[in-house]
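Got chain A sorted already, so can you dock chains B, C, D and E onto it with the hints?
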Amino acid sequence: MEITGNIATIAFALATLGPGLGIGWLVAKTQESVARQPEVASTLRVNMLIGAAFVELLALIGFIVFILAYFV
Amino acid sequence: MEITGNIATIAFALATLGPGLGIGWLVAKTQESVARQPEVASTLRVNMLIGAAFVELLALIGFIVFILAYFV
Amino acid sequence: MEITGNIATIAFALATLGPGLGIGWLVAKTQESVARQPEVASTLRVNMLIGAAFVELLALIGFIVFILAYFV
Amino acid sequence: MEITGNIATIAFALATLGPGLGIGWLVAKTQESVARQPEVASTLRVNMLIGAAFVELLALIGFIVFILAYFV
Amino acid sequence: MEITGNIATIAFALATLGPGLGIGWLVAKTQESVARQPEVASTLRVNMLIGAAFVELLALIGFIVFILAYFV
Numbered sequence: 001m002e003i004t005g006n007i008a009t010i011a012f013a014l015a016t017l018g019p020g021l022g023i024g025w026l027v028a029k030t031q032e033s034v035a036r037q038p039e040v041a042s043t044l045r046v047n048m049l050i051g052a053a054f055v056e057l058l059a060l061i062g063f064i065v066f067i068l069a070y071f072v
Numbered sequence: 001m002e003i004t005g006n007i008a009t010i011a012f013a014l015a016t017l018g019p020g021l022g023i024g025w026l027v028a029k030t031q032e033s034v035a036r037q038p039e040v041a042s043t044l045r046v047n048m049l050i051g052a053a054f055v056e057l058l059a060l061i062g063f064i065v066f067i068l069a070y071f072v
Numbered sequence: 001m002e003i004t005g006n007i008a009t010i011a012f013a014l015a016t017l018g019p020g021l022g023i024g025w026l027v028a029k030t031q032e033s034v035a036r037q038p039e040v041a042s043t044l045r046v047n048m049l050i051g052a053a054f055v056e057l058l059a060l061i062g063f064i065v066f067i068l069a070y071f072v
Numbered sequence: 001m002e003i004t005g006n007i008a009t010i011a012f013a014l015a016t017l018g019p020g021l022g023i024g025w026l027v028a029k030t031q032e033s034v035a036r037q038p039e040v041a042s043t044l045r046v047n048m049l050i051g052a053a054f055v056e057l058l059a060l061i062g063f064i065v066f067i068l069a070y071f072v
Numbered sequence: 001m002e003i004t005g006n007i008a009t010i011a012f013a014l015a016t017l018g019p020g021l022g023i024g025w026l027v028a029k030t031q032e033s034v035a036r037q038p039e040v041a042s043t044l045r046v047n048m049l050i051g052a053a054f055v056e057l058l059a060l061i062g063f064i065v066f067i068l069a070y071f072v
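Protein chains in written order, with full-length UniProt numbering: chain A, 1 to 72; chain B, 1 to 72; chain C, 1 to 72; chain D, 1 to 72; chain E, 1 to 72.
Hint data in this document are derived by calculation from the structure and do not stem from the laboratory. Note that the structure is a prediction, hence the values are computed from the model and not measured. Don't take each hint at face value.
Repeated chains share a single entry, so a pair holds when one copy, or any two copies, can fit it.
[Unchecked claim] Here are the simulated EDC-like cross-link-like pairs (lysine to aspartate or glutamate), alpha carbons at most 20 Å apart as the crow flies: (1) K29 with E2; (2) K29 with E39; (3) K29 with E56.
In isolation and in its complexed conformation, chain A is listed as follows (with noise of 0.2 Å):
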């Protein structure tokens, strides 16, 4: 068996899986939202954007993870 690698690119892989459905969710709430009650727009983007940024950061954080893996 010839199978190469390193498993630290299926570990950002797995990484990106909660992150992935987790945004993806609360952006489409979001617009759900802002069509619901477009004069509260301004609030829901910045809602979305904040979340979004707390989910983001645990993939980035897997992607450091990575590279602190492969090359350190």
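Using the frame of chain A, we list chains B, C, D and E on its own:
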């Protein structure tokens, strides 16, 4: 078979799954709620930040765990 | 095969899954409830903090378990 | 393969999954119920604390199991 | 491979999954029911305690199983 690596990378990856979905969920519901009652938007945002901080902490501890397991 | 590591790291990762989703869930419903009855927002926030503390404790004990298993 | 560790760590991690989701669920429904009938908020909070204590106990016994299995 | 441990610890962990979710569920529905019919709140609480006791017993027997398997 030449697969290499440290399972601490996989561990961090798994540690993002619950929090990624959890924060996505709570922000999603926040948006829906802001759209329904725009006048409590600030209360909802404070709750959202408290909740996201609680959950984000879990994943950040996951990163500390990775650092400890990989470098210590 | 040169995969190394201590499964205590995986253990902490798994310990974030339930709490991450659980806190996300309870905060999500809190938001929905604040939007429905803004006048009980403070009662709801106290409940949210109590619930989040109960659940967060589980993951924090998970971190203690990691520390004990890794360094003791 | 140089993976090391004691599966008691995994055991505690699994022991947080059910309780983490369970407490999240019961607090979530408590919030919804407080919003529907604010005048029974105190009854609902007592029920919530009883329920959370029952469930939390399960995970705390899981910690005792870890301590027994790891150090005794 | 140097993973050590006794699977009795995993067994107890799995034994908390169902009860943790189960008690969470029954308390959740109790809360919903109290909110719908506040005048039967005490009846609902007694039922909740009976139900939680039944379910808790399962996990406590799981702890006895662990003690027997580990020390006897």
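Do the hints match the structure? See the list:
Proximity of K29 and E2 under a CA criterion of 20 Å is satisfied in neither setting, with 45 Å inside one chain copy and 44 Å between copies. In this assembly of identical chains, K29 and E39 lie within 20 Å of each other by CA distance both inside one copy and across copies; the values are 16 Å within and 18 Å between. For the homomeric pair K29 and E56, the shortest alpha-carbon distances inside one copy (17 Å) and between copies (18 Å) are both at most 20 Å.
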